[in-house]
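Participant: Protein chains in written order, with this note's numbering: chain A, 1064 to 1523; chain B, 32 to 111.
Heads up, some of the hints might be wrong.
So these bits of chain A aren't anywhere near chain B, every CB distance computed over 10 Å [to be verified]:
#, residue
1, Leu1104
2, Ser1119
3, Val1160
4, Gly1200
5, Ala1224
6, Ala1313
7, Glu1406
8, Leu1422
9, Tyr1440
10, Phe1445
11, Tyr1446
12, Asp1447
13, Ser1448
14, Glu1475
15, Ser1497
The calculated DMTMM-like cross-link candidates involving lysine to aspartate or glutamate, where the alpha carbons are at most 25 Å apart (straight line), are [stated by the list, open to error]:
#, chain 1, residue 1, chain 2, residue 2
16, A, Lys1122, B, Glu84
17, A, Lys1265, A, Glu1239
18, B, Lys48, A, Asp1447
19, A, Lys1265, A, Asp1240
20, A, Lys1122, B, Glu36
21, A, Lys1122, B, Glu80
22, B, Lys76, A, Asp1240
23, A, Lys1300, A, Glu1114
24, B, Lys76, A, Glu1428
No lab work stands behind these hints: they were computed from the structure.
This structure is a prediction, so every number in the text was calculated from the model and none was measured.
Heads up, the beta-carbon is just placed ideally off N, CA and C, and yes, glycines get one too.
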Amino acid sequence: MTIRSILIANRGEIAVRIIRAAKALGIRTVQVYSAADRDMLAVKMADASVEIGPPSAAKSYLNIAAVMKAAVDAGVDAVHPGYGFLSENAAFAQAVVDAGLIFIGPSADAIRLLGDKVEARKVAKTAGVPTVPGSDGRIEDLDAARAVVAGIGFPVMIKAAAGGGGRGIRIAETMEDFERHFPQASAEALAAFGDGGLYVEKVITRARHVEVQVLGDGVDAVHCFERECSLQRRRQKVWEEAPAFRLPDAVRANLCASAVALAREVKYRGAGTVEYLYDEASGEFYFIEVNTRIQVEHPVTEMVTGIDLVQEMIRIAGGARLSVRQDEIKVQGHAIECRINAEDPARGFLPAPGTIEALTIPEGEGIRFDTMLYAGYQVPPFYDSLLGKLIVWGETRESCIVRLSRALQTLEIKGLATTIPLHQALAADPAVASGDVHTRFLEPWLDTAFQTAVPPKEVA
Amino acid sequence: MSKLEIRSPLPGTFYRKPAPDAAEFMADGATVAVGDVIGLIEVMKTFHEIRAEVAGAVVVFIAEDSEPIMAGQVIAEVEA
């Protein structure tokens, strides 16, 4: 079936991104919005729009019944969930299909399977993907857990089987620590997720976060190479690149091949990301999880491969086979994405909703700015603080950083505090320039180098 | 007796409880001391504790639980 109309079940910059992709394919768009989002750019751009509830996301963007009613009433063929909200909700994907519509993403079964971290680890092992040394699935009692950790060595991470987004994680340095944390972690997991199940993994120190973009049509799967997302604050990515830096070609080839093997194992359909930890010291990489959706950082892959991932997702959902063969996908140059958030980095990243008084967007070769901002727009306090993403391409990583610095000087968002100063400092930092970073680089850097670069403001 | 107001320092969503099934930070009619946590404001998916900057008896909440609130809007009134 060819898709003629899409309901966009999301907001902000990704809603704008999906509308642009749909328009390029000649597809009609219907945008949902909450009462706090009547003035958002995606509402102005879409062919039609439907209010689905009050500002609270639980009552609007996360309300499956309200979104489904909008989709059915609007008579669309398909639903695009974007990222966040209902994008990895198997019940939502099933509700879309049960209503006779197309879910632009993998099947509910694939979302359920890959969303359960213990099950996903099992699938990865079956596909021959290396996993972090740890327990074989859930460990129910302390005796069994002791035997597992004795075999893998400390430090170890205790994780909730039902956890996510960094929640439900504890690190134990010794057996004594472990015996104290284990029952507490189980009680907390039960309280937070309704499931006290735990599993254990070895902690990889000084790891880098490398992830592979995959595309599958349910029969075949390809990869669009990898991204480096090591610069993170509170496990949230702030700066992403493609390709990963200092990655030996043999490692890159194995990493990408393993992601494709995993996608094929589950007959994956749509765009997805297989996330890994890469230990530069040993040259080993380990599977972490699969994200069964388009990701915030997808544009860096688009900039270096020339593939429009959102258009490809829509075509695949409409029944098309993959439009590219693996040997046709090449990486050219280097791309970096900076997440521009409404937060004040000089004041502990205090959220800063407010009105956009003026906006200057850098333009030129190799520069892309994905956003939902316009002058006069009032950024609501109810959702994510992401205002936009500056993505810059260069022939080399060095020239990309030079171009990024210039673009960041031009980018001006007046009326509220943003993370632009953070990115300017990162772009000027010698450790970032040399690629000498890892997943625990950013937070200590914020307390030291960043304080020198951007001293805290006097608070009245 | 004079009436003092506790206002929200931030725009966002106001909560009277730390979790949906937990007890309220402070009941209507309670006595409040400076520094007491009276609620939470959720701003852009982060939670900020709201502490009373005034002391007094018989606190009356004006803001509704789990409802949007503007910066400067009155959360509660306190008899001092």
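Participant: Now look at each hint and say whether the structure bears it out.
Facilitator: Going through the hints against the structure:
1. Leu1104: At about 18 Å from chain B, Leu1104 (chain A) clears the 10 Å cut-off, so the statement holds.
2. Ser1119: 7 Å, violated
3. Val1160: 29 Å, holds
4. Gly1200: 29 Å, holds
5. Ala1224: 21 Å, holds
6. Ala1313: Non-interface label stands for Ala1313 (chain A): nearest chain B Cβ at 40 Å, farther than 10 Å.
7. Glu1406: 8 Å, violated
8. Leu1422: 19 Å, holds
9. Tyr1440: Fine: 15 Å to the nearest Cβ keeps Tyr1440 (chain A) off the interface.
10. Phe1445: 6 Å, violated
11. Tyr1446: 7 Å, violated
12. Asp1447: 6 Å, violated
13. Ser1448: Violated, because the least Cβ-Cβ distance between Ser1448 (chain A) and chain B comes to about 4 Å, which does not exceed 10 Å.
14. Glu1475: 21 Å, holds
15. Ser1497: Non-interface label stands for Ser1497 (chain A): nearest chain B Cβ at 32 Å, farther than 10 Å.
16. A:Lys1122 with B:Glu84: The given pair, whose Cα atoms are some 32 Å apart, is violated under the 25 Å limit.
17. A:Lys1265 with A:Glu1239: Holds. Lys1265 (chain A) to Glu1239 (chain A) sits at ~16 Å (cutoff 25 Å).
18. B:Lys48 with A:Asp1447: 22 Å, holds
19. A:Lys1265 with A:Asp1240: 14 Å, holds
20. A:Lys1122 with B:Glu36: Given that 25 Å is the threshold and the Cα spacing comes to 30 Å, the pair is violated.
21. A:Lys1122 with B:Glu80: Cα-Cα ~23 Å, so holds.
22. B:Lys76 with A:Asp1240: Violated, at roughly 31 Å.
23. A:Lys1300 with A:Glu1114: 31 Å, violated
24. B:Lys76 with A:Glu1428: Cα-Cα ~35 Å, so violated.
Going through the hint list in order, the structure does not satisfy hints 2, 7, 10, 11, 12, 13, 16, 20, 22, 23 and 24.
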